[in-house]
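Residue numbers (the UniProt record's numbering), protein chains in the order written: chain V, 1 to 284; chain H, 1 to 284; chain W, 1 to 284; chain F, 1 to 284.
Hints are computed from structural coordinates only; laboratory data are not their basis.
Each hint should be verified, as a subset may be incorrect.
Which copy is meant is left open, because identical chains are indistinguishable; a pair holds if it fits in one copy or across any two.
Within a straight-line C-alpha distance of at most 30 Å, the following computed DSSO-like cross-link-like pairs (lysine-lysine) qualify [said to hold, decoys possible]:
| id | residue 1 | residue 2 |
| --- | --- | --- |
| 1 | LYS14 | LYS149 |
| 2 | LYS210 | LYS272 |
| 3 | LYS148 | LYS3 |
| 4 | LYS203 | LYS22 |
| 5 | LYS148 | LYS89 |
| 6 | LYS87 | LYS252 |
| 7 | LYS163 | LYS279 |
| 8 | LYS14 | LYS87 |
| 9 | LYS64 | LYS203 |
| 10 | LYS3 | LYS279 |
| 11 | LYS64 | LYS154 |
| 12 | LYS210 | LYS187 |
| 13 | LYS210 | LYS148 |
| 14 | LYS272 | LYS187 |
| 15 | LYS154 | LYS22 |
| 16 | LYS87 | LYS22 |
Each chain is listed here by its residues.
4 protein chains.
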Amino acid sequence: MQKITILIHCQDQKAIIASVTKYIASIEGNIIYLDQHVDADENVFFMRLECNFSTQNWTMDTIKRDFQTHLATPFKMSWEIYTQEYKPKMALFVSKYDHCLYDILGRYSAGELQLEIPLIISNHEDLRAVAERFSIPFFYIPFSKEIKKEGERKQMDLLKEYKVDFIVLARYMQIITPSLIALYKNKIINIHHSFLPAFPGAKPYHSAFKRGVKIIGATSHYVTEELDEGPIIEQDISRVSHSHSIEDFIIKGRDLERMVLARAIKLHAERKTMVYNNKTVVFS
Amino acid sequence: MQKITILIHCQDQKAIIASVTKYIASIEGNIIYLDQHVDADENVFFMRLECNFSTQNWTMDTIKRDFQTHLATPFKMSWEIYTQEYKPKMALFVSKYDHCLYDILGRYSAGELQLEIPLIISNHEDLRAVAERFSIPFFYIPFSKEIKKEGERKQMDLLKEYKVDFIVLARYMQIITPSLIALYKNKIINIHHSFLPAFPGAKPYHSAFKRGVKIIGATSHYVTEELDEGPIIEQDISRVSHSHSIEDFIIKGRDLERMVLARAIKLHAERKTMVYNNKTVVFS
Amino acid sequence: MQKITILIHCQDQKAIIASVTKYIASIEGNIIYLDQHVDADENVFFMRLECNFSTQNWTMDTIKRDFQTHLATPFKMSWEIYTQEYKPKMALFVSKYDHCLYDILGRYSAGELQLEIPLIISNHEDLRAVAERFSIPFFYIPFSKEIKKEGERKQMDLLKEYKVDFIVLARYMQIITPSLIALYKNKIINIHHSFLPAFPGAKPYHSAFKRGVKIIGATSHYVTEELDEGPIIEQDISRVSHSHSIEDFIIKGRDLERMVLARAIKLHAERKTMVYNNKTVVFS
Amino acid sequence: MQKITILIHCQDQKAIIASVTKYIASIEGNIIYLDQHVDADENVFFMRLECNFSTQNWTMDTIKRDFQTHLATPFKMSWEIYTQEYKPKMALFVSKYDHCLYDILGRYSAGELQLEIPLIISNHEDLRAVAERFSIPFFYIPFSKEIKKEGERKQMDLLKEYKVDFIVLARYMQIITPSLIALYKNKIINIHHSFLPAFPGAKPYHSAFKRGVKIIGATSHYVTEELDEGPIIEQDISRVSHSHSIEDFIIKGRDLERMVLARAIKLHAERKTMVYNNKTVVFS
C-alpha cells in the first residue's frame with residue numbers, strides 16, 4: 001500500500017469533487033481524508049486529499065499521468081502529489097537567539113517532525129555548539145549589505161548541494177534576498193515576534209509594551225519581498241498585564257515563538273498549507 | 001434556488017463521496033460545503049454537505065426519493081436533508097438562574113439564531129417577567145419527584161402543541177424523565193458548569209475551589225439517562241487563581257455557561273452536529 | 001462596618017506601603033485586598049487597597065481629612081476613596097448594533113453589575129424598543145458634523161441631569177467631541193472590534209479577512225482624542241481560519257465585543273483600573 | 001546591594017503588612033514587589049515580598065535574626081528568606097519519554113531557568129544519550145516493586161550527594177516512595193497528562209478520546225502520597241475535535257506537557273509558590 005497526499009487548486013466549477021473522488025475510486029483507492037475550500041470572493045477551489053492504494057496495480061507514474069490527462073487538464077488544475085515516505089529537507093537559518101533552535105532540534109531528535117534537517121546556516125558563529133550538540137552540519141556564512149551577493153551565492157550553493165526543500169528562519173536576523181525568495185516561493189517560513197499586522201519590523205515587544213497591550217503574540221508566515229507581509233500560517237497569543245516588564249514580554253514571547261514556529265513547520269512539512277492571494281489555506 | 005444541508009452516516013465503504021457528489025452533479029447542484037469524517041475505530045463514515053440547486057427542475061420530493069433509492073439504500077445510509085428556510089423550534093427549560101436565559105433571548109432578539117423560540121417552560125415562577133419582557137409564552141409546570149408523571153405529561157403536551165424540535169436546558173434544575181429523553185433523543189441540550197468529566201453532579205464550582213484547580217470550565221452536552229454523561233457538544237475554560245473565591249468562580253463561570261451554551265445551540269440549530277457512540281461529530 | 005476602596009498613585013518612594021498600612025492599622029481597619037505596582041521606567045507607584053473599618057469610631061470625613069494630611073500631602077499622592085455602597089452611574093451610547101446593548105442590559109438585569117444605568121443615548125431611533133423592553137430612559141440625539149455643537153450640548157445636559165459618572169460606547173458610531181472627552185477624562189469606555197493596534201479605524205473585520213489573519217480580536221479602551229489610541233483596558237481573541245467568511249468574522253467578533261466590553265465595564269465600575277501615561281494598571 | 005525574596009504565612013491578623021513593611025523601611029530596603037493573599041475560609045495570611053537593601057549596613061544574619069525576633073515570633077509566622085544569587089539544584093527523574101526532557105534541557109541551555117541541574121536519574125538507560133548530549137550526569141537506577149527499598153536508597157544517596165533542593169518528574173513512570181515524598185515535601189513536581197481531576201491514573205489520553213471531550217489538558221502538581229491528588233501548580237488546555245485520533249491527542253498533549261511543566265519549574269525555582277491545605281498560592 002502506498003499513501004499519497006494530493007493538493008489541488010483551480011477555478012471553482014461543478015463536479016470537481018465528483019470527478020476526483022471517482023478517479024480515486026477507479027484505482028481502488030481508499031480516501032482517508034478529504035477537505036476542500038471555496039474562496040467565494042475569488043471563485044477558487046482548493047482541495048486536500050489523502051488516500052491509500054495498492055502499488056501492485058498502479059504505479060505513481062501511471063497515476064500522475066492519468067491525473068494530468070483526465071483531471072488536471074480538463075479542470076485546469078494546479079496540483080501536487082506527495083508520497084508519505086519522502087521526508088522534505090529543511091534548512092535552518094539562525095543568528096544568535098537559540099530558543100527556537102533548541103526547540104526545533106529537541107522536537108526533531110524526539111522524532112516529532114516528519115522531515116530531515118541536513119544543515120544549519122548562520123550569519124554568526126555563536127550557535128555552532130548547539131548544532132554540534134545535535135550533530136547537524138553548521139555553516140557560517142557572514143552576511144551584510146556589503147557582501148550580500150557573495151552571501152546569497154554561498155547560501156544558494158549549500159541549499160542546492162543539500163537538496164533543500166524549504167527553509168525556516170528561526171529568528172534569523174538578516175534580510176533574505178529577492179532571488180532566494182523567488183527560488184523558494186512560499187517555501188521560506190519566518191517567525192515574527194508580534195501579533196501581525198500589529199508591530200511589524202524591529203523591536204515589537206518594546207512597541208507592545210509602550211502601547212500597553214493586554215495580549216502579545218507571535219506569527220509565522222511565508223516570506224515575501226514585503227517585510228512581515230507574507231501569507232500568515234499560524235498565530236498565537238499570551239496574556240500580559242501592567243505588572244509585566246519588557247523583559248517579561250520577551251520571556252513570555254519566547255514560548256509563543258517556539259510554539260507557533262513549531263506548528264508552522266509541522267503544517268508545512270505535512271503538506272497542509274496552500275497559498276493563494278497572499279493568504280494561506282491551512283487544512284489542519 | 002434552494003439551499004439544502006445533507007447529513008449522512010453509514011459504514012465506511014469505498015466510493016461513498018464519489019457517489020454522493022456525482023448525484024449532486026446530476027441535479028446540477030453546486031456544492032458550497034463538504035466535510036467528512038471517518039471513525040477509524042468504529043469504521044463509520046460521516047458527511048455533511050451543503051448545496052444549492054434550482055427548484056425549477058427538481059423538487060425536494062424527487063430529490064429525497066432519488067437519494068433514498070440510488071444512495072441511501074445501496075450504501076445503507078442514515079441520512080437527513082434540511083432546507084435552509086425551515087427554522088427549528090426550540091423550547092427553553094429554566095428554573096431560577098437568569099443569566100443564560102437573558103443571553104439566549106438577547107441573541108435571539110438580535111437576530112443571531114436561526115431558530116424560533118415558541119415557549120419557555122419552568123418549574124418556578126421566578127423568570128416569568130424575563131419571558132414577558134421578550135414577549136415569549138411562559139409556562140409554569142411544577143416538578144418534583146412526587147408529581148413527576150403529571151409534570152412530564154404537561155411538558156409533553158406543550159412540546160407537542162408547539163411542535164418543538166429540540167429542547168435547551170438553560171440551567172434547568174430538575175431531572176428530565178427517561179420518556180422525554182427517549183422522545184427527544186440527541187435533541188435535549190444541557191449546560192453543565194464544569195469541565196466534564198471533572199466535577200459532575202451538584203455544586204461543581206465548590207468542588208473546583210476545594211481541589212484548587214487553576215482552570216474552570218463549562219460543558220454543553222446532549223442529555224442521556226446517565227447524568228452529565230451524554231455526548232459533549234462544546235466546552236470552554238477560564239483561568240482562575242488562588243485569589244479567586246467561590247463567588248468569583250461562579251461569576252466567571254456564568255460567562256462560560258453563556259458562551260458554551262450559545263455555541264452549542266447555534267451548532268445544533270445549523271445541523272452541524274451528529275451523534276455516534278456517545279460522542280459528537282461537530283462540523284464547524 | 002464600612003468597606004472602602006482606596007486608589008493611590010505618586011512618585012515611588014520608600015515606606016509608602018508601610019505608612020499607608022500603618023494608617024489603616026491605626027483606624028483598626030482590616031485590609032481585605034492590597035495590590036501595588038511600580039512603573040520602573042516612570043518611577044511611579046500605584047496601589048489599590050480594600051479595607052473594612054467600623055463607622056462607630058471613624059467617619060468617612062475624618063478618614064479623608066487624616067489621609068490627606070498624614071499621607072497624601074507628605075507623599076504628594078493622587079488618591080481616591082470609594083465606598084462600596086455607592087453605585088456609579090453609567091450612560092450607554094448606542095447607534096444601531098444591538099448585541100452589546102442586549103448583553104449589557106441582560107447582565108444588568110441579572111444583577112451582575114455594581115452600577116446604575118440611568119439612561120441610554122443614541123444618534124438613531126432604532127434601539128428605542130430595546131431600551132423600553134428593559135425600562136431604561138432612551139434619548140434620541142441626532143449627531144453629525146453639521147450639528148456637532150448642538151448634539152454635544154444636548155448630550156452634556158443629559159449627562160449632567162442624570163449625574164452620570166462614566167460613559168460606555170456600546171458600538172456608538174459617532175465621534176465623541178473633545179469637550180466631552182475632557183469632561184470625562186478616562187471615564188469613556190469604547191469597544192473596538194479588532195486586536196488593537198492592528199486594524200484601527202473603520203471595517204476592521206474586512207481588513208483582518210483581507211490580511212488572512214488566523215486570530216481576530218476586540219479591544220476595550222478609554223477614549224482619547226486620538227482615535228483608537230487610548231489606554232487599553234481589556235482585549236481578547238478568537239481563532240479563525242480560511243474557512244471563515246467576513247460574515248463569520250463578524251459573528252465571531254460579536255461574542256468578543258460582548259465579552260471584552262462587559263469585562264471592561266466591570267473593572268471600571270469596581271474601581272480596578274488606573275490610567276497613567278496612556279496605559280492602564282488593572283488590578284484584577 | 002542584595003536582593004531577597006521573603007515568603008510568609010501565618011494566621012490572619014491586623015497590622016501584619018504594616019509591621020513587615022515598616023521593618024523593611026527600617027533597614028532602608030526598597031520593596032520591588034509585594035503581593036499578599038488571605039484565605040478567608042481558613043483565615044490564613046500569605047505574603048511574598050521582594051526587596052533590595054545595602055549589604056554594607058545589614059548582613060543576612062542580622063536580618064534573619066531581627067525578622068525572627070520582631071516579626072515571626074510575635075505573629076507566629078512560618079517564613080523563608082531566599083537570596084537571589086543562590087540557584088536551587090533540581091534533579092530530573094525520567095523514564096523513556098524524551099519530549100519534556102529535551103524541552104527542559106533546551107531551556108536550561110538557553111539560560112532561561114534560574115537553577116542548576118546537577119543530575120538526571122532514570123529507571124531506564126534509554127535517555128542516557130540525551131543527558132550526555134547536554135553534558136549532565138546520568139544515573140541509571142532500576143526501580144520496581146521488588147527492589148523498591150534498594151532503588152529508594154540509591155535515589156536518596158544521590159540526592160544527598162548532589163545537594164538537590166527539588167525534584168522534577170519529567171514523565172517518570174514509577175511511583176515515588178512515601179519516604180522520598182516526606183523528605184521532599186512540596187518539592188517534587190510531577191506533570192500529569194490530563195486536566196485534573198479529570199482522567200487521573202494511567203492512559204488519560206485514551207480515556208479523554210473515549211469520552212469525546214472537546215478540550216484536553218495537562219496538569220503540574222506537587223507529589224503527595226495520593227496519586228494525582230497533590231496541590232496543583234499549573235494547568236493548560238488545547239482544543240480537540242472528532243477529527244483527532246488518540247495519536248493526535250498524544251501529539252498535541254506533548255506540547256501541553258512541555259509548556260505546563262516548564263512553567264511550574266520556573267514558578268517553583270523563583271519561589272513563587274506556597275502550599276497550604278493541599279492547594280497552592282501562586283504569586284505570578
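Results for each hint:
| no. | hint | verdict |
| --- | --- | --- |
| 1 | LYS14 to LYS149 | neither (49 Å within a copy, 55 Å between copies) |
| 2 | LYS210 to LYS272 | between (37 Å within a copy, 21 Å between copies) |
| 3 | LYS148 to LYS3 | neither (42 Å within a copy, 47 Å between copies) |
| 4 | LYS203 to LYS22 | neither (53 Å within a copy, 40 Å between copies) |
| 5 | LYS148 to LYS89 | within (25 Å within a copy, 46 Å between copies) |
| 6 | LYS87 to LYS252 | between (32 Å within a copy, 21 Å between copies) |
| 7 | LYS163 to LYS279 | within (27 Å within a copy, 46 Å between copies) |
| 8 | LYS14 to LYS87 | between (34 Å within a copy, 28 Å between copies) |
| 9 | LYS64 to LYS203 | neither (47 Å within a copy, 42 Å between copies) |
| 10 | LYS3 to LYS279 | both (28 Å within a copy, 28 Å between copies) |
| 11 | LYS64 to LYS154 | neither (35 Å within a copy, 62 Å between copies) |
| 12 | LYS210 to LYS187 | between (34 Å within a copy, 21 Å between copies) |
| 13 | LYS210 to LYS148 | neither (34 Å within a copy, 33 Å between copies) |
| 14 | LYS272 to LYS187 | within (13 Å within a copy, 35 Å between copies) |
| 15 | LYS154 to LYS22 | neither (48 Å within a copy, 53 Å between copies) |
| 16 | LYS87 to LYS22 | within (29 Å within a copy, 35 Å between copies) |
When the structure is compared with the earlier hints, violations turn up for hints 1, 3, 4, 9, 11, 13 and 15 and for no others.
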